[in-house]
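*Asks:* Here the protein sequences line up with chains A and B, keeping their order.
Per the UniProt record's numbering, the first sequence starts with residue 1, numbered consecutively.
Per the UniProt record's numbering, the second sequence starts with residue 1, numbered consecutively.
Hints in this document: simulated from the structure, not taken from any laboratory.
Beta carbons: idealized from backbone N, C-alpha and C, even for Gly.
Just to be clear, a hint being listed does not mean it is correct.
What the hints assert, rightly or not - Selected chain B positions facing chain A (Cβ under 10 angstroms, derived; list incomplete):
(1) I41
(2) L43
(3) P46
(4) P50
(5) K89
(6) Y215
(7) D274
(8) Y275
(9) M278
(10) P279
(11) E280
(12) P284
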Amino acid sequence: MRPPLSIKGVQGDLKEKKYNCTELVNFYLGQAKKLNPTLNAFTTICEDFAFEKTKILNEIIQTNPKAFEEFPLMGVVLSLKDLFSTKGIRTTAGSEVLSDYIPPFSGTVVNKLEEAGAIIIGKTNCDAWGHGASGENSDFGPAKNPWDTSRVPGGSSSGSAVSVSAQMCMASMGTDTGGSIRQPAGFCNLVGLKPTYGAVSRYGVIAMASSLDTVGHLTRFAEDSEIIFNVIKGKDGKDGTIKDQYKENKALNIGIPKEYYGLGIDREIVELINAAKSKVKGVKFVEVSLPHTRYAIPTYYIIQPAEVSSNLARYDGVRYGKSRKAFGDEAVRRIMLGTYVLSGGYYDAYYLKAMKIRSKIINDFDRAFEKVDALLTPVSPTPAFKLGEKNEPLEMYMADALTAPASLAGLPAMSLPVGFSGKGLPVGMQLIGPRFSENVLFDLGKRYQEATDWHLQTPNL
Amino acid sequence: MEYKPVIGLEVHIELSTKSKMFCSCPAEHFAKEANTQVCPICLGLPGALPYTNSEAIDSIIKLGIALGCKIPEFSKFDRKHYNYPDLPKGYQISQYDLPVCLGGQWTLDNHKKISITRVHMEEDTGKLIHRKVNGEKVTLVDFNRSGVPLVELVTDPDFESPKEVDEFLRDLRHLVRYLGISSADMEKGSLRLEANISLGRVKGREDKRVKLPDYKVELKNINSFKFLQKALSIEIKRQSEILDSGEKVNQETRGYDDYNKKTFSQRSKEGSEDYRYMPEPDIPPLIINKAAIARIKKLIPELPKEKQMRFKDSYKLPDNYVDLLVNDQDRADFFELAVKIGKAQGIDSKMIASAMLNNNLDRSSSSPADMVKKLVEVTKKDYASQAEIEKAVNKVINGNKKAVDDYKKGKTNVIGFLIGKAQGYLKGKGEVGLVRTELLKRLEKK
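Produce the complete structure using the sequences and hints provided.
*Replies:* This is the structure in structure tokens:
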């Protein structure tokens with residue numbers, strides 16, 4: 001048995017009783033067990049936990065005729081980036097510091113997913129604390145790209161992308177602070193959603209940089225992305241930054257910000273995106289300018305490490321059983337950078353200045369969205385690179401150049417498969433919308449995926 | 001050399017809200033078993049987030065209004081970083097540059113005005129417990145107090161004597177209790193005091209202005225108002241001796257040792273610690289609009305100073321009576337109710353105050369009405385008339401020659417015997433005071 005790739009496909013089979021949830025989990029677990037030794041997607045597989053859940057769900061399907069209406073994620077097998085706190089299941093953040101930490105609580109999103117009928121089968125590998133764009137900063141070894149195992153799957157939600165791409169689960173929850181969902185989705189031929197900052201509760205998700213962190217997911221279909229988003233969004237009385245300001249937007253004009261197509265972007269990526277433009281009917285493309293784009297990386301790498309240094313202060317060696325020596329090089333680098341820019345005498349010169357530039361970047365977007373309903377850009381300058389290829393931190397930081405601006409502005413953004421490079425590597429495009437315009441991204445994504453089949457292609461494993 | 005003390009205060013007030021500042025654990029932590037009132041949020045577990053308790057915000061706004069502060073429309077929380085085992089997140093959520101309350105004022109009895117610099121909101125820390133476990137000295141952490149809402153009030157250095165400080169603190173404690181926002185109990189640690197003190201040189205015989213000193217000494221960990229008064233007096237003496245001898249006073253933090261009646265150095269404070277303040281990204285800025293302030297104003301009861309004035313005016317009570325009643329809000333309310341009920345029954349406010357303050361009659365009464373009933377019974381008791389008393393006293397004086405002589409020889413304690421005799425004639429209906437007065441009148445006369 002090999003279940004369909006979409007949520008509706010699997011739920012259709014479950015309704016028709018082609019198989020039950022236990023058999024479904026058996027399939028994914030089989031994939032995971034077979035492929036994980038090579039791909040290193042999971043830090044923890046929670047088999048018992050999953051089977052306990054399937055027993056309950058099988059029962060519900062048997063007895064409740066409205067099961068699939070009341071449980072919108074009925075039978076959806078999920079993995080969670082190991083930054084999601086899960087009650088009773090080890091949660092490492094990809095770091096040695098928490099390698100023995102079993103949380104006493106689950107956060108809002110995990111609870112909502114569980115209540116909606118999802119089945120969690122494991123925790124996925126990631127760059128420690130979410131610090132990275134390749135997965136190589138994990139203290140549990142790097143995850144490998146299923147399309148070419150000598151290459152990175154992208155990061156920091158590396159294992160999440162791999163687990164969906166290699167069909168070890170239906171969808172995976174990730175976090176995106178500067179591109180950590182969109183970039184691996186692009187490298188692994190998936191749909192990656194980074195919601196509006198303030199759309200989905202961060203409660204129970206280990207913080208990286210709190211003013212930038214968002215909780216999103218990786219799926220194969222824009223439609224599945226929407227189904228999951230509708231379950232997890234909204235106020236929870238736990239995350240004070242959550243708002244509910246959705247508007248009924250329509251995508252008529254799409255902006256092409258010229259700064260995103262400049263030097264350093266592979267020609268074939270630009271060509272694939274240009275070819276995609278004709279696939280969605282009824283939209284016009286307009287060139288726009290976001291002049292402060294080039295300041296996004298320097299700004300992001302002041303604000304983000306500042307918040308990182310603050311958020312990691314709690315791992316002081318008193319609790320969680322590991323000393324501070326267990327921090328990896330990248331975390332130490334960011335703690336040092338962040339501590340420096342927040343120090344007396346430097347705050348104004350660095351942090352405050354970065355906050356001012358952040359406002360300018362936001363203004364750029366606001367002005368663009370007066371003219372257009374969404375923006376279309378590449379996700380990354382190149383397709384997936386080789387493991388070990390980028391060994392200079394700064395080089396790695398530049399991988400966020402096209403994704404960090406939307407993060408700084410708190411905007412929703414989605415990456416979608418747009419084709420393959422000459423070497424057969426997946427390429428993604430990015431749609432960015434105004435705050436709380438997720439519906440526009442889903443609408444464009446669904447229409448685009450109806451007209452294309454890039455997303456239906458799976459790696460040969 | 002003549003010096004003038006320059007004293008400023010920093011007061012921490014733990015709020016008596018139902019739940020903690022950023023989570024739903026109970027805020028009341030006194031004498032609770034260690035770590036029984038904790039959750040992922042106040043333990044700072046990975047992934048937990050703070051969620052602001054609006055009751056605490058209302059409380060600090062009440063205090064701000066009562067102290068005449070401005071309540072800016074926009075204020076925010078910041079992270080104050082330092083490492084200590086009782087601080088589970090590695091930072092304390094506090095307020096740095098935009099506190100909830102700014103620039104208030106308090107008037108002392110001598111009409112002097114004390115400026116309130118700011119009042120801000122923060123969270124309390126856990127507590128370290130040093131103990132021996134299996135013969136080994138260990139330090140344990142109790143997080144019950146972690147995240148309890150804490151208000152910090154800072155004054156300008158406007159106090160010139162320990163007495164002024166004491167008056168302000170008593171007023172403040174009183175105010176806070178009236179507002180119902182804190183028990184303000186020193187013993188339970190819900191009120192904590194720090195003072196900074198230095199001595200300024202008086203410019204000249206005519207010009208009494210003070211040149212502001214270039215140092216300050218912080219007095220910390222002071223357990224009571226009395227100790228703070230003592231510590232300040234001792235500090236004034238110590239610093240003036242140092243200055244007289246031409247030396248400089250060290251900028252430092254000092255504690256107070258009541259046993260030896262000394263302050264002692266705790267740590268020297270050359271530079272200021274770098275807390276790397278940063279805006280708290282997990283909590284949206286507080287927007288406090290006019291409507292919110294109007295709503296909270298309505299929740300503020302009559303405050304001690306106003307009540308004092310009103311009691312003096314409308315009840316015509318002596319000052320010490322007023323103070324005693326107003327000091328205890330419940331008692332003041334009890335009094336006012338009793339006066340209202342008593343009015344119809346011919347019991348006046350003085351009689352009620354006296355019954356409460358001299359005889360604690362309120363403590364043994366179930367309600368103001370109950371107390372008034374008792375007072376009515378007492379006043380309506382069928383006493384013997386003055387004429388009957390005089391007649392009885394006359395009989396006693398004439399019929400007890402020996403006792404009367406004894407009294408005149410100085411054995412004044414026979415008065416009790418004579419009163420008893422008189423009461424015998426009066427069948428116990430004599431009001432003792434009157435009988436005694438009448439007896440004495442006759443005894444002194446002869």
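*Asks:* For each hint, tell me whether it holds in the structure or not.
*Replies:* Hint-by-hint comparison with the structure:
no.: 1; hint: I41; result: holds (8 angstroms)
no.: 2; hint: L43; result: holds (9 angstroms)
no.: 3; hint: P46; result: holds (5 angstroms)
no.: 4; hint: P50; result: holds (7 angstroms)
no.: 5; hint: K89; result: holds (5 angstroms)
no.: 6; hint: Y215; result: violated (21 angstroms)
no.: 7; hint: D274; result: holds (5 angstroms)
no.: 8; hint: Y275; result: holds (9 angstroms)
no.: 9; hint: M278; result: holds (6 angstroms)
no.: 10; hint: P279; result: holds (8 angstroms)
no.: 11; hint: E280; result: holds (8 angstroms)
no.: 12; hint: P284; result: holds (6 angstroms)
Violation of the numbered hints given earlier is confined to hint 6; every other hint is satisfied by the structure.
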